[in-house]
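First to last, the protein sequences are chains A and B.
Residue numbers for the first sequence follow my numbering, so the first one is 1 and each next one is one higher.
Residue numbers for the second sequence follow my numbering, so the first one is 1001 and each next one is one higher.
For the record, the hints were derived by calculation from the structure and aren't laboratory data.
Be aware that a few hints might be false.
What the hints assert, rightly or not - The calculated label-pair distances, taken between Cβ atoms and stated as ranges, are: (1) Q1038(B) - N24(A): 34 to 40 Å; (2) D1073(B) - T39(A): 17 to 23 Å; (3) Q45(A) - D1026(B): 33 to 39 Å; (4) Q45(A) - D1179(B): 58 to 64 Å.
What the hints assert, rightly or not - To give a feel for the contact side, a few chain A residues facing chain B, derived at Cβ under 7 Å: (5) A34; (6) T66; (7) V67; (8) P68; (9) V69; (10) S70; (11) V71; (12) T72; (13) D74; (14) A89; (15) Q90; (16) N91; (17) L92; (18) T117; (19) Q119.
Because the structure is a prediction, the values reported are computed rather than measured.
Note that CB positions come from ideal geometry on N, CA and C, so glycine has one too.
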Amino acid sequence: MPNYVKTGPFTNGGAPGISAAFLNAIENVFEQSAGGTETGKYFLQGQGYTSLANYGNYMESLSRTTVPVSVTIDQADQAPTGGANTPGAQNLTSNGFLVFFTVGSASSAAKTGGNFTIQY
Amino acid sequence: MELRSIDKDGTFAWPCHTSDCDFHDDLLTAHISHSTVQYQRPSRGEVARRLPIDAKRRWRASGAVIALPPCLDCGSQTFLKADFVPRDLLYDNVFLRWQDELGDHGYLVRPSLMRSFRLIAMLHEIGKFPEQPLLPMIPVSALARSPLAELSLTQVDKLWLRWLLTGKRCLPELSWIDDAFHEIAPNFRPFSIDPRKALQ
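One chain only, chain A, in its complex shape (with noise of 0.2 Å):
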């Protein structure tokens, strides 16, 4: 889903009138069509009792129903620290996806942030 560009304000019997553009940009929003990405951000903060603790968090798509692809992520907001290893994604599913790290040992503030695109 790229930047959203906003079409309203709307009021009634003026421009712009509901159309069949604007109707199925907002329908392709929450059921993606084939090749459509769905972008936004996650940030992980947490602790480690020991070494190899996971920390990790469901992210739900505004998507529903169709089946996505693959789920890429970055770590531009947050470079893993605090003893955070690089984040992995799992439990792909048309309601979202499972973003996580391990951290390497024991650690009171393992953190890491960045961008997701779920491609459909």
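We have chain A; now place chain B onto it with these hints.
Leaving out everything else, chain B in the frame of chain A:
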């Protein structure tokens, strides 16, 4: 991001998702045998059964992904969905509707999904994907010995998946392709999914 190509030798390519990255337009490439191309799934403790099928014979997604090598420029990493279940094929946007220049309609499996199925099959062949793939694909080694050898892998997969999922045969003049499929997989019964219902 999705795979853009996959060759018979196991080399595949995909773009980086970062718009200002050098590899957004110049694709990243890797070979299936590379150590950074990895099957990953939640640990055994998080998954009740080895096979993604429960007691009522319903497939359960295992959560598995195929991790691709990180981008050489920006470090972002792509994970391909690898735990497809039959429901994914029945109810979601698996098929694309297309119309040829004569106005005839047809259905094709989404190319992005098709390449994922092919990659999973290739990784399974070399022992890097331990689960049984949902969809059997024609092994590249079998292609070399069949009349299909003259077609590209993409062409074969398009026709194979259409036959596999819908049972739809090729045009009469291309019946040799159906014959080749039956020769390679004589006992296989197509899923017989109706794309029109899957597209609703």
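### Task
Check the following: the C-beta atoms of D1073(B) and T39(A) are separated by a distance inside 17 to 23 Å.
18 Å, holds
### Task
Starting from the range 58 to 64 Å, see whether the pair Q45(A) and D1179(B) falls in it by beta-carbon distance.
59 Å, holds
#### Entry: Hinted contact A89(A) with chain B - closest CB pair below 7 Å
With Cβ-Cβ at 4 Å, under 7 Å, it holds.
#### Entry: Satisfaction of the hinted span 34 to 40 Å by the C-beta atoms belonging to Q1038(B) and N24(A)
38 Å, holds
### Message
Take the shortest C-beta to C-beta distance between A34(A) and chain B; is it under 7 Å?
### Response
At 5 Å from the nearest chain B Cβ, A34(A) passes the 7 Å test, so the hint holds.
### Message
Hint validation: T117(A) versus chain B, beta carbon distance must be below 7 Å. Holds or violated?
### Response
Because about 4 Å separates T117(A) from the closest Cβ in chain B, which is inside the 7 Å limit, the hint holds.
#### Entry: Hint check: 7 Å Cβ-Cβ cutoff, T72(A) to chain B
4 Å, holds
### Query
Against chain B, is D74(A) within 7 Å by beta-carbon distance?
Given a least distance of 4 Å, the restraint on D74(A) holds.
### Query
Does the interface hint hold: is T66(A) within less than 7 Å of chain B, judged Cβ to Cβ?
Interface hint status for T66(A): holds (5 Å vs cutoff 7 Å).
### Query
With a cut-off of 7 Å, does the beta carbon of N91(A) approach a beta carbon of chain B closely enough for the hint to hold?
Hint holds; N91(A) Cβ to chain B Cβ min 4 Å, cut 7 Å.
### Query
Against chain B, is S70(A) within 7 Å by beta-carbon distance?
For S70(A), the interface hint holds, since the closest Cβ of chain B sits about 5 Å away, which is under 7 Å.
### Query
Is the shortest C-beta separation between Q90(A) and chain B less than 7 Å?
5 Å, holds
Of the numbered hints listed earlier, not one is contradicted by the structure.
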